[in-house]
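Respectively, the protein sequence lines represent chains R and X. Quick note on the numbering used here: the first sequence kicks off at 1 and runs consecutively. Quick note on the numbering used here: the second sequence kicks off at 1 and runs consecutively.
Think of the hints as simulated: they come from the structure by calculation, not from any bench. Wrong hints could be hidden among the right ones.
[Said to hold, decoys possible] Not the full set, but computed from the structure, chain R residues with beta-carbon under 7 Å of chain X:
#1 E75
#2 V82
#3 E90
#4 P106
#5 E117
#6 R184
#7 A413
Using N, Cα and C, we set each Cβ at its ideal position, and we do this for glycine too.
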Amino acid sequence: MRRSLIVLLMVVIGSMGALGGASPAAGQEIVIGVQCDRTGATQIVGTVLCPGFHDYIALVNSKGGVEGRKIKALEIDHEYKVPPAVESYERHKKEGAVTMAVYGTPQIYALAAKLTEDRIPGTSPGFGSAAAADGIRYPYIFPIAATYWSQGAAAVDFVKKQMMGGSLKGKKIAFIFYDNPAGREPIEVLEDLATLEGFQLKIFAVPPPGVEMGAQVLDIAQRYRADAVIAHLFGGAPAVSIKEFKRVGYPLNKVVSFVWGSAEANIDAAGGFAAAEGYYTMQFAGVGTDYPVLNEIREMYKKEGKPAPKEMASTVFYNRGVLIAALHVEAIRNALKAKPDGKITGVDTKAGFEKISGFTLGGLVPPLKITPTDHEGGGLVQIWQVKGGKFVKVTEWYSAYTDVVAKHIKAAAAK
Amino acid sequence: MIHRECGVLKTSYEADMAFYPLPIARWTVAVLAVLFFAVIPLALHEYYLSVANLVWIAVIGALGLNILVGYTGQISIGHGAFMSVGAYTAANLATRLDSPWPVNLLAGGLMAAAVGAVVGIPSLRIKGLYLAIATLAGQLIIEWTINHVTFISGGVQASISVPRPRLGSMVLSSQRDMYYFLLVFVVLAIVGTMNLVRSRVGRAFIAIRDQDIAAEIIGIDIFRYKLLAFAVSSFYAGVTGVLYTYFLGIANYEQFQIGVSIDYLAMIIVGGLGSVLGSIFGAIFITLLPIVIRLTMESFGGLFFAPQTVLNLIPNLRLMLFGALIIFFLVVEPDGLNRLWRNIRNYFRIWPFAY
Numbered sequence: 001m002r003r004s005l006i007v008l009l010m011v012v013i014g015s016m017g018a019l020g021g022a023s024p025a026a027g028q029e030i031v032i033g034v035q036c037d038r039t040g041a042t043q044i045v046g047t048v049l050c051p052g053f054h055d056y057i058a059l060v061n062s063k064g065g066v067e068g069r070k071i072k073a074l075e076i077d078h079e080y081k082v083p084p085a086v087e088s089y090e091r092h093k094k095e096g097a098v099t100m101a102v103y104g105t106p107q108i109y110a111l112a113a114k115l116t117e118d119r120i121p122g123t124s125p126g127f128g129s130a131a132a133a134d135g136i137r138y139p140y141i142f143p144i145a146a147t148y149w150s151q152g153a154a155a156v157d158f159v160k161k162q163m164m165g166g167s168l169k170g171k172k173i174a175f176i177f178y179d180n181p182a183g184r185e186p187i188e189v190l191e192d193l194a195t196l197e198g199f200q201l202k203i204f205a206v207p208p209p210g211v212e213m214g215a216q217v218l219d220i221a222q223r224y225r226a227d228a229v230i231a232h233l234f235g236g237a238p239a240v241s242i243k244e245f246k247r248v249g250y251p252l253n254k255v256v257s258f259v260w261g262s263a264e265a266n267i268d269a270a271g272g273f274a275a276a277e278g279y280y281t282m283q284f285a286g287v288g289t290d291y292p293v294l295n296e297i298r299e300m301y302k303k304e305g306k307p308a309p310k311e312m313a314s315t316v317f318y319n320r321g322v323l324i325a326a327l328h329v330e331a332i333r334n335a336l337k338a339k340p341d342g343k344i345t346g347v348d349t350k351a352g353f354e355k356i357s358g359f360t361l362g363g364l365v366p367p368l369k370i371t372p373t374d375h376e377g378g379g380l381v382q383i384w385q386v387k388g389g390k391f392v393k394v395t396e397w398y399s400a401y402t403d404v405v406a407k408h409i410k411a412a413a414a415k
Numbered sequence: 001m002i003h004r005e006c007g008v009l010k011t012s013y014e015a016d017m018a019f020y021p022l023p024i025a026r027w028t029v030a031v032l033a034v035l036f037f038a039v040i041p042l043a044l045h046e047y048y049l050s051v052a053n054l055v056w057i058a059v060i061g062a063l064g065l066n067i068l069v070g071y072t073g074q075i076s077i078g079h080g081a082f083m084s085v086g087a088y089t090a091a092n093l094a095t096r097l098d099s100p101w102p103v104n105l106l107a108g109g110l111m112a113a114a115v116g117a118v119v120g121i122p123s124l125r126i127k128g129l130y131l132a133i134a135t136l137a138g139q140l141i142i143e144w145t146i147n148h149v150t151f152i153s154g155g156v157q158a159s160i161s162v163p164r165p166r167l168g169s170m171v172l173s174s175q176r177d178m179y180y181f182l183l184v185f186v187v188l189a190i191v192g193t194m195n196l197v198r199s200r201v202g203r204a205f206i207a208i209r210d211q212d213i214a215a216e217i218i219g220i221d222i223f224r225y226k227l228l229a230f231a232v233s234s235f236y237a238g239v240t241g242v243l244y245t246y247f248l249g250i251a252n253y254e255q256f257q258i259g260v261s262i263d264y265l266a267m268i269i270v271g272g273l274g275s276v277l278g279s280i281f282g283a284i285f286i287t288l289l290p291i292v293i294r295l296t297m298e299s300f301g302g303l304f305f306a307p308q309t310v311l312n313l314i315p316n317l318r319l320m321l322f323g324a325l326i327i328f329f330l331v332v333e334p335d336g337l338n339r340l341w342r343n344i345r346n347y348f349r350i351w352p353f354a355y
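Bound conformation, chain R alone:
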């Protein structure tokens, strides 16, 4: 029984050391809470996006911080599970975080009430409830990027103008989506637009985990004979969809994907850029390596005598990480400008977010205008296309059918 005793002692000592080690953040640093998913359902995103976030923060700190204050980004990996997300939220709150970068749709749902009660702004870029674009109803939640409703509207607009030459009358559009709440979110907007524009909409659900969609794709290509496809898939599913469309001979230049099926990683998994030639993708951050901020990050690494991180090669997710970090920093900058003593709280950073306007980071960030009523910032996206082995920009930043989206946001707020 001595052995059991030793085991117990080891556990006790280990946990004591751990609790003792968790010291609060140093006084003058501004703390951002970052939730991450480097080991979970969507780790394909997290392993690239989170380094992007940290690199931008490191860049800001290397240039002397924001208004003379250093920023500390505390990251916790929650494996895309809700209880660890709640735990990490409380931990970040304890460390004095003034903003939270939440990650994941169920997680932002679960934390929505807490964020509002504790008055800490949380961001949900590119996922989560589209209704949170309403700043009055959800004062402390900031989508800060095109929601699924805006993405749906932009996709229909793109199909209308670029693929169909200006009219959707009598056309057939297929919407293939991952069958969970986040996947179903755009349907109501698409249905509205179908009535408005007079096209036929048919929805094709792909059950989780989304690697089995041969039947749906065959249906779209050969039975329904869709004129265009709007795809809203996550994780490993986008790659499967590209392969399946290719297999049944459906032209990929009639497919436009939402933002989570739009990264290099998805294309690579589908067999490379050559295999996905023609595929249209939607982006809420700039794609590619030619942005001044990315050059600065590479410079920073060079100065330290290190090579640029390999994550930078996956520009879609990496740039999104930079975008999210930059918007957080910008909100903190605005808050510090309003309160030069540096004692800012979540209330100040909320106001800071709501002042963001005309901040583009050399084109990597869309010209968002976040206001107290519109936390989405306009719902701007760009469409890029897989062409000649890389992503090629097809449109500039735009948003579409803003009145329809606004109507849905208003209806959701009334609930």
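Fit chain X to the given chain R structure using the hints.
Chain X in isolation, oriented as in the chain R frame:
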């Protein structure tokens, strides 16, 4: 050491059947009560209370699953789904009828019990692995139903926000309020389970677990007790789901997917099948270990690696250590943490003598 039985004489049946026959055990419970009701909530920071709250919710769920798996021997991989049944029942009642939380809590538990009893029907014909797969089907069907029936899920987002629970005019919103709120139910669940398993019903459960044919021969109504075990276990699960809903302020079916069912199975296996204390240990172990491992990594990982590498390393190393520790514990003590604890206690009972 001080856990001695000598000198304790029982002169009545009541004394023999008492919850805690030894005075030392009663003192321990009293000390624990003071610790958990007064010292911990008043001394600790809200963050630690939030972790405790997650543990409390898990304790109730693990107790429920242990009644079914540990005491009755019916394997279930549908525990998470029963939680979601409770959560959505309560959320719908709270938002549609504006009913108070005690009603929702009870209704959530009862609805889950009813659904659990239905899912338990195959247990009358099949056993073991086959039953596990049947309950897995239950999990998937319930998940699908909540996901697609908007009457239940409240819209395409399949999530319903609920108002915070109130006590009179006080709204329970801080982690400290929730701590007390949850602790009451944890105590109820523990006392309830302890009494259940030493009652007539509990003995019938154990008889079914040990040898169901023999149990039938001695006159136990297998049909009734197997379904009862499913119902009671699901009642606990439903209550867990409702508490989760009130804790987070939202019911969302993605919190109760199959991974959750597996987590709870892990809790009772690591903690110890067929023991109340084991459920508690298991819930604490599975909930707390990832947090403790991460905190340790954060403290000491920086000594060996660059900050960016640490960030990448922590989550992966945490998963590996978590898995390795579970295997280690099961190899050292396959009967779970509860047996480990009993061994330690027995060792000290005769200490310092070796016999």
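Report task. Verify the interface restraint on P106(R): the C-beta must sit less than 7 Å from at least one C-beta of chain X. Result -> Holds, about 4 Å.
Query raised in the report: Does the interface hint hold: is A413(R) within less than 7 Å of chain X, judged Cβ to Cβ?
Result: violated (13 Å)
Query raised in the report: If you take the shortest Cβ to Cβ gap from E90(R) to chain X, is it below 7 Å?
Result: At about 4 Å, which falls below the 7 Å cut-off, the nearest Cβ of chain X leaves the hint on E90(R) intact, so it holds.
Query raised in the report: Is the shortest C-beta separation between E75(R) and chain X less than 7 Å?
Result: Because about 6 Å separates E75(R) from the closest Cβ in chain X, which is inside the 7 Å limit, the hint holds.
Requested in this report: Return the status of the interface hint for R184(R): holds when the least beta-carbon distance to chain X is below 7 Å, violated otherwise.
Outcome: Holds, because the Cβ-Cβ distance from R184(R) to chain X comes to roughly 4 Å (cut-off 7 Å).
Query raised in the report: How about E117(R): closest beta carbon in chain X under 7 Å, or not?
Result: holds (6 Å)
Report task. Hold the hint about V82(R) up to the distance rule: shortest CB distance to chain X must be less than 7 Å. Result -> Result: holds, 4 Å to nearest chain X Cβ.
Consistency with the previously given hints fails for number 7 only.
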